[in-house]
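Trainee: Take the sequence shown: its letters are residues 4 to 188, numbered as in this note's numbering.
It cannot be assumed that every hint is accurate.
Said to hold, decoys possible - Restricting the straight-line Cα-Cα distance to at most 35 angstroms, the calculated cross-link-like pairs of lysine-lysine (DSBU-like) are:
| hint | residue 1 | residue 2 |
| --- | --- | --- |
| 1 | K180 | K130 |
| 2 | K29 | K130 |
| 3 | K130 | K80 |
| 4 | K56 | K129 |
| 5 | K56 | K183 |
Treat the hints as calculated values from the structure; they're not laboratory data.
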Amino acid sequence: MDWLNQFEVGILHSLYETLQCAFLDKVMPVITSLGDAGIFWIVLAVVLLFFKKTRRAGISMAFSLIFGLILCNLTLKPLVGRIRPYDFDPTLQSLMLVEGEHDFSFPSGHTIASIEAAFALWFNTKKWGTLAVVLAFVIAFSRLYLLVHYPTDVLASVILGILIAFLACLLANWLIKKTKIPCAD
């Protein structure tokens, strides 16, 4: 695993040298905070639950977030136990714009929560879902820009997040049909 970490730290250094600028240094910590503990996405899902027209999306997002929490934070992070890039290469610590995390690196919790919630919304409504997906990808990129995740952490989280969203939408649709929860079609 050290060879992979070394390779990906090289990518992070290249990314930093290529893209680092004052504007992104100010914007990326704000963007990444939208993924903190999935709170933004949780609040959005709860709000969507209140309206018949958006309830299906809210249920789908809620299922996505729950599945992602179980799979990512409670299962994969401790199972894989990948150290953070700045712990592997301490030279990254002096470049960081945010405080380091205290859990494992793989997968990216910010990314998986953002991607799964955004795609659950997108699968239900393309108009608002498209905006959410764009935001989710910017949050995912911020994790690399801020040097807190390896590229494969983020890539795997994107893939898992889309898969989780798809499965959550199937479950939500089944539940809505089975229990006759009032939702717009």
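Trainee: Take the hints in turn and mark each one as holding or not.
Mentor: Going through the hints against the structure:
1. K180 with K130: It holds: about 24 angstroms lies between the C-alpha atoms, which stays within 35 angstroms.
2. K29 with K130: holds, 28 angstroms
3. K130 with K80: Distance ~33 angstroms between K130 and K80 Cα, so the pair holds.
4. K56 with K129: Status holds; Cα separation ~14 angstroms.
5. K56 with K183: holds, 14 angstroms
Hint check: no violations occur; every hint is consistent with the structure.
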